[in-house]
Amino acid sequence: RRGEMAKSTQLIDNEVFRAFATYAGIVLLKMMLMSLITAYFRITRKAFVNPEDTASFGKGESAKKYLRTDPDVERARRGHLNDLENIVPFVGIGLLYALSGPELSTALLHFRIFTGARIFHTFAYLMAIPQPCRGLSWAVGYSVTFSMAYRVLKTAWLL
Amino acid sequence: RRGEMAKSTQLIDNEVFRAFATYAGIVLLKMMLMSLITAYFRITRKAFVNPEDTASFGKGESAKKYLRTDPDVERARRGHLNDLENIVPFVGIGLLYALSGPELSTALLHFRIFTGARIFHTFAYLMAIPQPCRGLSWAVGYSVTFSMAYRVLKTAWLL
Amino acid sequence: RRGEMAKSTQLIDNEVFRAFATYAGIVLLKMMLMSLITAYFRITRKAFVNPEDTASFGKGESAKKYLRTDPDVERARRGHLNDLENIVPFVGIGLLYALSGPELSTALLHFRIFTGARIFHTFAYLMAIPQPCRGLSWAVGYSVTFSMAYRVLKTAWLL
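Residue numbers (my numbering), protein chains in the order written: chain G, 872 to 1030; chain D, 872 to 1030; chain U, 872 to 1030.
Worth flagging that the hints you see were computed from the coordinates, not collected in a lab.
A few of these clues could be false.
To be verified - According to the in silico footprint, chain U covers these stretches of chain G (three or more CB under 8 Å from chain U):
no. : region
1   : 885–892
2   : 902–916
3   : 921–932
4   : 1016–1028
Note that beta-carbon positions come from the ideal geometry of N, C-alpha and C, so glycine has one too.
Based on the provided sequences and hints, a complete structural model is requested.
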């Protein structure tokens, strides 16, 4: 009895939930990686925004010239913000979806397509691959989240 | 027994959790809608930020003039960021709140007021309705999230 | 039986989950506080972005001069965005981590270090404390989230 009760609170034993935890972990780590990419560009391009960040380059005017924007830094930042706008809803809606009792195969299909689309989106953004590559990968991820939201609302609906 | 055990892992059977899933789904979809509104303004106002997005308008200087900011695009983007700043904490705190065992009627009151306030906030922002409309709708949503956080901390407190 | 079944759906009875709810509540409230700090600087520095927000300062040119950026406002906004980029992944990954059945003491160590690091990060950002203070506090929080993600992926892995 005890073992069972303990288990029943461990969502992590549910296969759909395990799949969700795996893919949510992967896309959240991918999103966090954008911070490192932005920092890499800030340091190599010497383009900062906070005066205290340029103090090591000297004082006064010599450091001030590094308080500037750089196209690569701004591109990485836009990719990061796009992740926040798309990966965060995926994690929120995906959690509710995983708890709504879908088939494992259907759930895996959703999680895999979303994760693949967002990884491709990051490459398309950072490497400035010609459109409609980035736009399409964005739309694929968006549609997957929408499809999960539809099931969540259909299953849970209590207004 | 099996049925019961299976059920017990299905949070979706809990009425408060179903209500949370419904309202969280609605506000997350509303937040995602901001992407489409921004894209709509970018395309109709011809105001882009990535050079690869203007390639279909021709090459060189003729395309470069569409790399610009537009007041409507920026307004939609600010509305989107404001949603991230407010709807994401609502979803995170609301999930913990739903699991803290509140009365269904109290929970519904919180979820409904927040959702109404944020939908109104979006209209107030996009249509530039005179203040304090937008400010008040922001404050209402903020207060609801604060009230839920208070209950979560009171119920769960383990520092 | 009934009591037990009811309990089993109440994650809030699980000690690790209670600790997570406490710290997630604290850091989410801290993130929300950034909105108030930005609003405080906007009002005291008279630096707004929406024309409808300056209407109370008069009409036409007299109000238009308050549509400007201010270093303190921008600093608070950057702190807020940095919170979104770091606290949101912590809450998402932390929830999965709390459900992966870690030791309470290990979990508390993660939650406490992250929360302390992020509170310090906010002070370092707002008060422009010389580097590497802000950078280090960011790295500490980042590493804690990474450590939790490692355990989530190791425990849940189902690709």
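Hint check results:
1. 885–892: holds (count 5)
2. 902–916: With 4 residues in contact (Cβ-Cβ under 8 Å with chain U), the coverage given for the region 902–916 of chain G holds.
3. 921–932: With 6 residues closer than 8 Å to chain U, the region 921–932 of chain G meets the three-residue bar; holds.
4. 1016–1028: Contact hint for the region 1016–1028 of chain G vs chain U: violated, 0 residues under 8 Å.
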